[in-house]
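Trainee: Chains as they are written, first to last, in my numbering: chain A, 3 to 892; chain B, 93 to 243; chain C, 2 to 417.
Among the clues, some could well be false.
Said to hold, decoys possible - Computed cross-link-like contacts, EDC-like style, restricted to lysine to aspartate or glutamate with a CA-CA straight-line distance of at most 16 Å:
no.	chain 1	residue 1	chain 2	residue 2
1	A	K255	B	D194
2	C	K269	A	E140
3	A	K145	C	E130
4	A	K783	A	D588
5	A	K255	A	D169
These are computed hints drawn from the structure, not numbers from a lab.
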Amino acid sequence: MSGARRPGGGRIDRNRPLCFSFDGRTLSGFAGDTLASALLANGVDVVGRSFKYHRPRGVFAAGAEEPNAVVQLEIGAYLSPNRVATEIELYEGLVAHSVNAWPSLGFDLYAINDRLSRLLPAGFYYKTFMWPHWHLFEGTIRKAAGLGAAPTQPDPDRYEHRHAHCDVLVIGGGQAGISAARDAAQSGARVMLVEASSELGGRALWAGDAINVDQTENLTILTRTTAFGYYDHNLVAAVEDCSSGVAKERLWKIRAKQVVIATGAIERPLVFPGNDVPGVMLASAVQRYAHGFGVAAGKRVALFGNNDGLFDYATAFEAAGIEIAAILDTRRGEEVIGVKGRKRVRAVQTSRGEIACDLLAVSGGWSPVVHLFSQSGGSISFCDKRQMFVPDKAVQQVRCVGAANGDFDLNTQPWQSRAKGKAFVDLANDVTAADVMLAARENYASVEHLKRYTTLGMGPDQGKTSNVNGLMLMGDATGRTPDAVGTTRFRPPYTPISFGVISGARVGNLMRPRKFLPAHGWHQTLGAVFEDYGWQRPDAYPQAGESLGEAAIREARAVRTSAGLFDASPLGKIEVWGSDAARFLDFIYVGTMSTLNPGRIRYGLMLDENGVIIDDGVAIRLAEDRFLLHTTSGGAERIAAMLDEWLQCEFSGWDVRVLDCTLQWGTVTLSGPNAIEVATALGLPVEALPHMHFRADQLGNVPVRVARVSYTGEATLEISVPARYVKSLLETAAAIAGVTPFGVLALDLLRTEKGYVHVGADTDGMTTPGDIGLGRAIAKKTSDFVGRRSLLRPACAREDRLQLVGLESANALPIGAHIMEGSNAPCPSGGFVTSTCISPTLGRPIALARIREGRARLGETVKLFDLGQIFEAKIVAPCFLDPDGRRLHD
Amino acid sequence: MIDWQPTSPWTGIDIPMCDGIVIVAEALSFARLRLLPGADFTGLPGPRQAQNRWLNMGPCEWLFCGNHCPRPDAIDMSDALVALSISGENVFDLLSAGIAIDWQRFSVGTCARMRLGETAVVLHRREEQQFRLIFGAPFARYLAEWLAHHV
Amino acid sequence: MSHYSALSIARNALSGHSNWDPAWRSPEPAAAYDAIVIGGGGHGLATAYYLVRVHGLVKVAVLEKGWIGGGNTGRNTTIIRSNYFYPESAAFYEFSLKQYERLSSELNFNIMFSQRGVLVLGHSRHDMEMHRRSANAMRLNGIDADILSRDEVAKLVPALDCSPQARFPIWGGMIQRRGGTARHDAVAWGYARAADARGVDIIQNCEVTGFTIHQGQVTGVETTRGAIKSNRIGIAVAGHSSILAAKAGFRLPVKSYALQAMVSEPLKPVLDTVVLSPATGTYLSQSDKGELVIGGGLDLYASYAQRGNLPVNENTITGMLAMFPTFSRVRMLRHWGGVCDVVHDSSPIIGKTPVQGLYLSCGWGTGGFKAIPAGGYCLAHTMATGEPHELNAAFGLDRFDTGALIDEAAAASIPH
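If we strip away everything but chain A, and leave its shape as in the complex, we get:
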């Protein structure tokens, strides 16, 4: 016979019946049921097939420790794979399917594995499937492995995070936890109590009673909240199952001054042949179903155990109307040596003969739930008297109370079966006692080797009902005490938690902020096509019928022939001031800034301590003791932080201060032969401003800073105004005839024609100043600067380093093509292409590359390789236009 609903009893609401479906069968239950209790009440014996042998399995436990009843919950977008039926609160219309059986739970073809079980001992896959090749077998094995299937639709649910602080966090709302919480609250402390179930009471619930505790101003109670991880500095993470509200689950991150762990204990089964047949259950689970859910898990029960709990169970079962067929106590030499039945217990074979029954309730002792305590860093030790691992020394501010602390003694005696037959240690992963013996025999004797070799404790239940039995068996086999064998390391999460709740709200745009230019809207009205360069920036402004590439060429030509307009607002702007500012910048830059006069600009290269180029830009001297650094847009924050670090760590006595003002100023670049004329027409202070000079002024009440510095090779002004006015500046400038807005792509074409380096593209994490032709400046500088010492190392002085050169070719060379130092691939690489384009000004392909000994090989023809295609190119100087820079000046 099977389980059935009792006529009365349980904490279910018999006035609220619910319909649900399991494997297509419509069944009914009540509000207050879990899916597991409802299945039992409907007489469902088989809820799944075991992982390896596909043996029929029934509900075994009543809590998160359940190893068998894993289901696929819901379908479509609300599909949740691998949910444990004991942890699912029943609701109207619930749909669930069994997993790991094909074609059906009742008739599973994979059950052939059970027949072949002798060929499939623990670790068998390490000993075979090698020839001819693992790939031949892998596909089949992968298909057979896994439990549920991943959803294929986007998650419709939302998730949240919440931070909380308290003086005392109590984990577990059973009697011990409630006491601790009440005491702490009474003393005035801020207390939080988290409980995984929907009600408080712990084991009282198993007897049918809940405990009511009222929240107060200083006592917060969270139910349906499972604390799953204990991290450094008393941070405990918990997941709340939100039954209402907008979010489905909430991740609580609770920082507590003190933590009280009252997580109770989990009953262990006994290991004997036939102990996995549906109808063999933990005795505490039978009790909980009977009085907590009003379900008699069977009609006639045999009790089998090794501790004093047996007697209370008998009383509880009788009170629930379950007939007691026998009580077998190992301490009296009584034992079960086999179980009859395959899809349901029919009888047990015992030392007293065969006993007919449909339910076998086992109790092999208890294991305090020490997981969180151990995660906190606390040590545990095995108590021989009580036959359990108990908390020992705490490392953080935490203590354990109640059953979690092992504060009980049931006169448990260890027992090992000597009977023949398949005796399961780990139901979730089908690990038998024989597997443990095999591991011992093959010397996988450390508890961690035992786990990994046999997969004991690696299933979704993480060995909650099997780890201790397994290690005790290993200890027996190798002559070690349980303490000597030890436990495997406890890791979060205590029970599985969804990836969605870990990520919380960080989906889509909230995953990482996008940065928008102050005049973003204006660029949009001009039809800009944006790309993410850290900031959303216009690649180009294609006109009707134009491709992006064509637009970029048109814009670049406009810059060379007339004037172009570019939004350079992300340009890094760092102010450095103080009486030691000049001296400091001499240390930071490769060049010498102390000799710069106020109003002058100098190109600035920054290195890291390995001598590698990390940024290039310009330094502007505003006054004797004041500088403005223009860095690359990607570099500003990083450089400002780097400057501060040097000041705080090495030069804390110097009179220098640094401030990143990038966001304060919007910057507009006007570039081209007509740029100065346009700027004058706008009323900007550019009269007689030579190249590499700077001027600050006020137009009305608007401060304006103008730097004449070029990245295009044309006369160029970088005009900075407070960000709120940059749109006005852009609008007015764009309205002037002959002014063309241009984007990042056009800028790249222009600077490539000039051979101006783009740090991060033409340079990488190995490029030194000498590699890009700036070695002489360093040789001249006598004072120390960041990276100088590294540049003196032999590797930096070698002649055969990759050096920046230009390439001319008949066909455009792709970026990333490599120079071949041999006639056919594979062969050594002699460098690679770093920048490339079809020059808008010259109308032919040009490229920049870093080539071994490149500067000594001008005029040489080289072969290049790109994904199987071969190109030819000639090495030339890395500047294709106006090498004397005449166009920069008036």
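Chain A is fixed; fit chains B and C onto it per the hints.
Mentor: Leaving out everything else, chains B and C in the frame of chain A:
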């Protein structure tokens, strides 16, 4: 000549609202002050304190929130930063979704730099249930979306 | 050693599997050895194996302070690839990959090397340019590499969000099809069993507490199980390298950080390739058991705790969901950490130390698993001959003096 029309970083961005919480974009000027260790700090608030429109940003660093900063050595940052006022009885639940601060130890008049979601912010508790949130202007859209998601 | 095969399983089934030999012995440490390897992880065990198999040394011991394979070898995300940029790295890791391709048959232990491809995504123009540069470097080094378009990526990895709505839209990717995953424990156990069968003494629960050094030459170690003599000692202890180096009187440019990894519950096959996103730093694959195996960036504070904290975990998972939003309802089963020895040029240190007779293999950072065969082979060669092999000549400790760094992280967009 240029007709200087200021634009607001909040243009085109909806600031969310809901029961129990009022969120308002504040029109404020800002200035950042950095001094050297050993300089005269009189009149400037100590660590994590806000006082007379000055917020302490860390050792030797302050932020002025308001018009007419009294110190000429402070650098104008009015365009770099924006501020939101967030107030109401549900403000703690809202902010606790993204800020790990213990409100009991963050009394009225306290300010500090911290993370909210994926951005750096300055948080100033101005009243029991009123906060000012200051952050970089380019993050206005992100923060508005974050708040909308959580109210 | 008794041969493993389907036939041997069938035969042993007849006797209830009671006749299997131990995979390795548990011998008492001898007083002296021809060579000692400190560290019973993949690298140490492989070193011992190659010392006896290739160089014919007779008395070799591996000293492991805990249980073999219990360090990073037992904690990593099992990825094997050789998609490196510089010729020195390419040669090294390609040698390793080639050894992996034949390792099961060589060790007679199924390591389940699944060459399912390692795909690095590209999310921008710059990403794709860097991938092309890497792919060409690989091809010129004789290693397989392909650039994939977005459509090809979408076809290969259907669960990946290739839509324009993704937070980091995918432009394409670079794939090494011969890369993949293997069963990490099996690699350690396979080398251990094969080494033991050739007479290597694997001594577990034996911690080295000091070195005896006489006039600049190492003469032995002090351990928790007594003093053991040898003039030829190799250190392969990953995250604890600095600690042992200090005991031997020299410093290393190594910082030890926690690196986290996590798995989901077992699922039916949903991901057939290893996928990495440079935008988020997250990478994942699906094990043959069905679990999603996920990794990301380091917990960036020095630690030997072999565990990280929640913020980095959140970042990694968030990064994964940005790539695979449909995995949101799948659940994390377990997360753990290891100790990674990180060197600032992201390349290993294999070779001699300032102490004569003392050799070192470390600096594997987050990428040591793929290097086990080559790392063991090279350390064995260096120990046996006293000089580095051609494959590890460029990875000596002296490169920090000469400046000849091999900065893979800087050169390519593939994090370590």
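Trainee: Does the alpha-carbon distance linking A:K145 and C:E130 stay inside the 16 Å limit?
Mentor: violated, 37 Å
Trainee: Take the C-alpha atoms of A:K255 and A:D169, compute the straight-line distance between them, and say whether it is at most 16 Å.
Mentor: Distance ~14 Å between A:K255 and A:D169 Cα, so the pair holds.
Trainee: Holds or violated: are the alpha carbons of C:K269 and A:E140 at most 16 Å from each other?
Mentor: Holds: C:K269 and A:E140 sit about 13 Å apart, inside 16 Å.
Trainee: Against the 16 Å threshold, does the CA-CA distance of A:K783 and A:D588 hold or violate the hint?
Mentor: Distance ~10 Å between A:K783 and A:D588 Cα, so the pair holds.
Trainee: Are the Cα positions of A:K255 and B:D194 separated by 16 Å at most?
Mentor: holds, 12 Å
In summary, the one numbered hint that this structure violates is 3.
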